[in-house]
Each structure stands twice: as structure tokens, then as C-alpha cells.
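Dock chain D against chain L, hints included.
Taken in order, these protein sequences are the chains called L and D.
Just so you know, we're using the numbering used here here: the first sequence kicks off at 1 and counts up by one.
Just so you know, we're using the numbering used here here: the second sequence kicks off at 1 and counts up by one.
Mixed in with the good hints, there may be bad ones.
[To be verified] Now the stretches of chain D that chain L is said to cover, found in silico as 3 or more residues with beta-carbon under 8 angstroms: (1) 166–180; (2) 212–218.
[To be verified] Take a look, some chain L residues computed to stay more than 12 angstroms from chain D by CB distance: (3) E21; (4) A28; (5) G183; (6) T187; (7) R200.
Read the hints as simulated data drawn from the structure, not as lab findings.
Remember, predicted model here, so these are calculated numbers, not experimental data.
Here a beta-carbon is modelled for each residue, glycine too, at the ideal position from N, C-alpha and C.
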Amino acid sequence: MTSTSVPTKSKRNPSAMPAVEVANVAVAFDGRTVLRDINWTVPAGHLAAIIGPNGGGKSTLLRTIVGRVRPTRGHVRIFGQAVSRSRTALAYLPQNEEIDWNFPIRTIDVVLQGRLGRGGRWWRPADQLDRQRALDALERVRLRSEALRPIGDLSGGQRQRALLARALLQDASLILFDEPATGLDATAQHDLLDILKELRDEGRTVITTTHDLDCLTDGFDSVLCIRGEVICQGHPREVLTSDNLLRIFGRHIPLVTTDGEVTIDHD
Amino acid sequence: MIELLLEPFSLGFMSRAFIGVSLIAILAGILGTFMVLRGLALMGEAIAHASFGGLALAMYLGWPLQAGALLLGLATAAVVALLSRSTRLKADSSLAILLTGGFSLGILGLYLQGAYGSDLNSLLLGSVLAIQRSDLYWIVGAVILAGVIVLVGFQHLVYISFDPGGAEASGLPVTWLQMLLLSLIALCIVIALQAIGVILVVALLITPAATAALITRQIGRMIGLAVLFGLIGSWIGLYLSYYISLPSGATIVAVLCGQFALVFALQRFVARLRPVS
Numbered sequence: 001m002t003s004t005s006v007p008t009k010s011k012r013n014p015s016a017m018p019a020v021e022v023a024n025v026a027v028a029f030d031g032r033t034v035l036r037d038i039n040w041t042v043p044a045g046h047l048a049a050i051i052g053p054n055g056g057g058k059s060t061l062l063r064t065i066v067g068r069v070r071p072t073r074g075h076v077r078i079f080g081q082a083v084s085r086s087r088t089a090l091a092y093l094p095q096n097e098e099i100d101w102n103f104p105i106r107t108i109d110v111v112l113q114g115r116l117g118r119g120g121r122w123w124r125p126a127d128q129l130d131r132q133r134a135l136d137a138l139e140r141v142r143l144r145s146e147a148l149r150p151i152g153d154l155s156g157g158q159r160q161r162a163l164l165a166r167a168l169l170q171d172a173s174l175i176l177f178d179e180p181a182t183g184l185d186a187t188a189q190h191d192l193l194d195i196l197k198e199l200r201d202e203g204r205t206v207i208t209t210t211h212d213l214d215c216l217t218d219g220f221d222s223v224l225c226i227r228g229e230v231i232c233q234g235h236p237r238e239v240l241t242s243d244n245l246l247r248i249f250g251r252h253i254p255l256v257t258t259d260g261e262v263t264i265d266h267d
Numbered sequence: 001m002i003e004l005l006l007e008p009f010s011l012g013f014m015s016r017a018f019i020g021v022s023l024i025a026i027l028a029g030i031l032g033t034f035m036v037l038r039g040l041a042l043m044g045e046a047i048a049h050a051s052f053g054g055l056a057l058a059m060y061l062g063w064p065l066q067a068g069a070l071l072l073g074l075a076t077a078a079v080v081a082l083l084s085r086s087t088r089l090k091a092d093s094s095l096a097i098l099l100t101g102g103f104s105l106g107i108l109g110l111y112l113q114g115a116y117g118s119d120l121n122s123l124l125l126g127s128v129l130a131i132q133r134s135d136l137y138w139i140v141g142a143v144i145l146a147g148v149i150v151l152v153g154f155q156h157l158v159y160i161s162f163d164p165g166g167a168e169a170s171g172l173p174v175t176w177l178q179m180l181l182l183s184l185i186a187l188c189i190v191i192a193l194q195a196i197g198v199i200l201v202v203a204l205l206i207t208p209a210a211t212a213a214l215i216t217r218q219i220g221r222m223i224g225l226a227v228l229f230g231l232i233g234s235w236i237g238l239y240l241s242y243y244i245s246l247p248s249g250a251t252i253v254a255v256l257c258g259q260f261a262l263v264f265a266l267q268r269f270v271a272r273l274r275p276v277s
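This is chain L alone, in the form it adopts within the complex:
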């Protein structure tokens, strides 16, 4: 056979590929269908959110994207490649309760775990340069002063930011963040969102799940609304209509529009 399929230019240049491509994905546990017919493409450099009710399959979809759950149908591509071949490019921040926050480890050592996800010479102990990089990453998420404190002493928002610093040390170009807003007060949520936007602005792709609709319209490039299947997707301003929200959450959620900005006001 001669070479009939010359790799296209876009295949060589990962940034031209969509960061995430979910095609016809279905997921079932014990014969019970959790997700069906999911088709979703996230362009590189987007800040995207998956929204939906509890049990609607948000976290399952995120886990399917990172390869923790195997789809029963369909496939996932990360920058045009199978998940198993793009591990170093992705950082996954699981739900808060999946992490042992009482583990006796300092914040800087959590950040240094990012070295292990990056591949390369993992068996080498962290040196001065690694430590400097970890401090720089902590600086980026406004946590440098907490570097030497046990991770368990940090507040909810600080913990989430520490995990983001770990993703930065790994230099992940795709960051998947499961329920980052859960348990955070409004200030902490906005601080976190500001950092997510900065990461997006430097070309990284960030995908979060949330059932909290605040902040969504302010800065997110796209949303996917699911409830076992795709309800709607697109730019938040187009998608988050009261009709759609009724379809997603099964109840009416009033919308308030103030000078062109759509914000969502749930009583």
C-alpha cells in the first residue's frame, strides 16, 4: 500500500485541533444508561462548562473525557488523539470529596506532583528549579504565601487553586475541573473564575462542570447542557434561555437581564 493518507497540517499542529471531541458517546453502568448520544466539540482555548441537574451525567461525561470511564459507544479525542496518548496534556481535578485533604502534605508538594504528570524524568527528586517553578505556579494562583502550609489548612477556594497550580506545573493544555464551585462562597468563586479566565486567555482549554449557574455568562465561551443526553449547547447567552433551563432542571429559573448582560437569578 502506498501512502494514501498524508497527515494534514492540522494534525501536526495540535492547537488547530479541537481540544476535546466527544462523538456519539454513550455510557452505561450495570446496564443502566447514564449518557446517550453525546456529541460535543470544544475548540482549543475555550473556557467551557457542562451544566445539568444532579445525576444528569455531568461528572460521568468529564470522567469519560479523561478516560476514567470507558464509553459503551462512541469515542473521545483529545487534540485529535486517543485519551491514552494525550495524558501529559491533560490535568483532571476531581470532585472535592475524592481527594484526601487530611493527607499530611504541604501545599508546595501537592503542586510538585504536577512533575509526575508531565512525563520525563519522574524518578529524579525535585530540585531547586522544580521548587522555583512550583512557587511561580502558586504565585499565579495567589497562593505563594501558603506554600509551606499543610494542604488541609487551606480554605476550600485555596485548595482548588492549589490543584490549579499543580495543573500549571504539569503545563497541561487541557484542564478539566469537576464541580470547582461547590462549597465556595461568592468571593471564592469569583477568584477562581478569574484564574480560570486567565488560563484560558493564555491559550489553555478549561472545562468545568457545575450546577451553579452564577458566573456562567460572564466569561464562559460555551456551555453544554445535559440531562442524560444533550439538551442544548452553544454560547451561554444563546443557550441559557428560561425555556432551556426549564428543560434542563425541570423547574422554572427566572432570568434577569441588566444592560445587555444576562445573569441568572435563582430565588
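The following block gives chain D in isolation, referenced to the frame of chain L:
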């Protein structure tokens, strides 16, 4: 005083006991820290009891005892993992089934070989003073092997303990690392069986590490303190058993428990003195 401390070493078997127990305490402190942090104490107990079944099996087949013990200890860890993945059983139920199952296999095995009496006793309770030179070789080999593996893979073991989901997504072989950790725990238990016996061996892994966990929140220091507590406790235990002729395994474990109680009390006391910040 010095003479009192040195006297036991004039006896070959006491020297071997001190060397053997010290090496075991070092390895047990390292692995015990991970067991305490990951909630693997009951798993350790199950491995120890199952390896008792392995000892009886090895005796019957004429294998080296350690090989049989290691085999059944590892099989137990694997079956628990399998059961928790493929059934709705919580891990503690599977552990209880395998713990008692392996133990009964050991008792039946010894009974059928007519080795029920004195052998049973020494396997269950261990005999530090009967450590032979050849046992020391096993111990040294196991400590070096496990020590090097933990040293090289330390950051990975910490990562998968702290955040298994994140570690897996970033490409760490989480399942393999977990199996590796369990294998090392099984290895440590098997080499410690001779010295301290099936029933008490888990104390050597858990108690010093739990004592260390009371006073530090940094895993590196926790390992260091666990090793230190393990060494101090087993030395005191050995001296006591030498001078008042007490059963050595039980004495060591009692001292380790006393140490835990003392550190707990001190830690409470200091916490009360410290001004509220």
C-alpha cells in the same frame, strides 16, 4: 547501666533478634505510614492471617515457608480488590471473610499434618529469639528491595494516595502502584511473621505510624518518626523480655501501645498549653 544494655548482645541469638527487629521496624515504619494514611490496617490484618494459611500450605508442600506465606498474602490482597470491584460488598466484609478463611486454612493445614501444638504456638505468636542467620538474609534482602522501591516511587505513592483520580488521569499507573504497595506490605508482613507472629504483626506496621500521625502533618517526617518509634519500642520490648523473661512479641507490641498512649497524652497536654490562635 551500659553493661546492662550491652549484656544481651553477648548472646548470638539476642544480637540476631536486635538486628532483625530493627530492620523490620525500619521497613514497617515506611510502609505502615502509607497503611495508616490509606486506611489499609484491616487489609494488613487480612494479609497476615491469610499468610498463616500460606505457611501451613508451604509446610505441607515442602516449600520455603516465606514463599507460601507471601503467595497467600498477595492472593488475599488481589481477591479483596476483585471483590470490591465486582460486587456490592464493602471492603471490610471481604476482608473479614478472607482473614478468617485464611486463618482457618492454616489451622486445618497444621492439624492435618499433626503439627497442631508447638508449631501453631510459635507461628501465631512468633519467636524473635529464634531468628536464624538465614532469616536475617531474607530480612536484609526484603528491606533493601522494598526500601529502594519506595524511595524511587515515593512521589507516585503519595500522589495516588492523595488524589487517585487526578493521578490516573495524568497517566500514573494507579492500579499497578496500588498493587505494588500491597505487595510490599505483604512482603514486610511475611518477613516479620517469624519474629512477632501472625496475630501481632500488624501492630508493628500500624502502631508506630499512627503514633507519628498524632504529632506531624508532613509525610516525610511521619515516616521518620514512625521508624524511630518502631525502633525505640521494639528495643525496649526486647530488653524487657530479656530481663524479665516475657514473651518478646507481646512485650514489643505492649510497649508500642504504651508509646502511643504516652504520645497521645503529651500531645493533648501540649495542645492545651498552647494559646488559642
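Here's how the hints hold up against the structure:
Residues of the region 166–180 of chain D with a Cβ under 8 angstroms from some Cβ of chain L number 7, which satisfies the need for three, so the listed coverage holds. Evaluation of the coverage hint for the region 212–218 of chain D: fulfilled, as 4 residues show C-beta separations to chain L shorter than 8 angstroms, against a requirement of three. Under the 12 angstroms C-beta cut-off, the non-interface status given to E21(L) relative to chain D holds; the minimum distance is some 17 angstroms. For A28(L), the non-interface assignment is confirmed: its Cβ lies about 16 angstroms from the closest Cβ of chain D, beyond the 12 angstroms cut-off.
Consistency note on G183(L): stated as away from chain D, and its beta-carbon is indeed over 12 angstroms from all of that chain's, at 17 angstroms minimum. Its beta-carbon lying about 23 angstroms from the closest one in chain D, T187(L) satisfies the requirement of being farther than 12 angstroms from that chain. Against chain D, the non-interface label of R200(L) holds: every CB pair exceeds 12 angstroms, the least being about 20 angstroms.
Of the numbered hints listed earlier, not one is contradicted by the structure.
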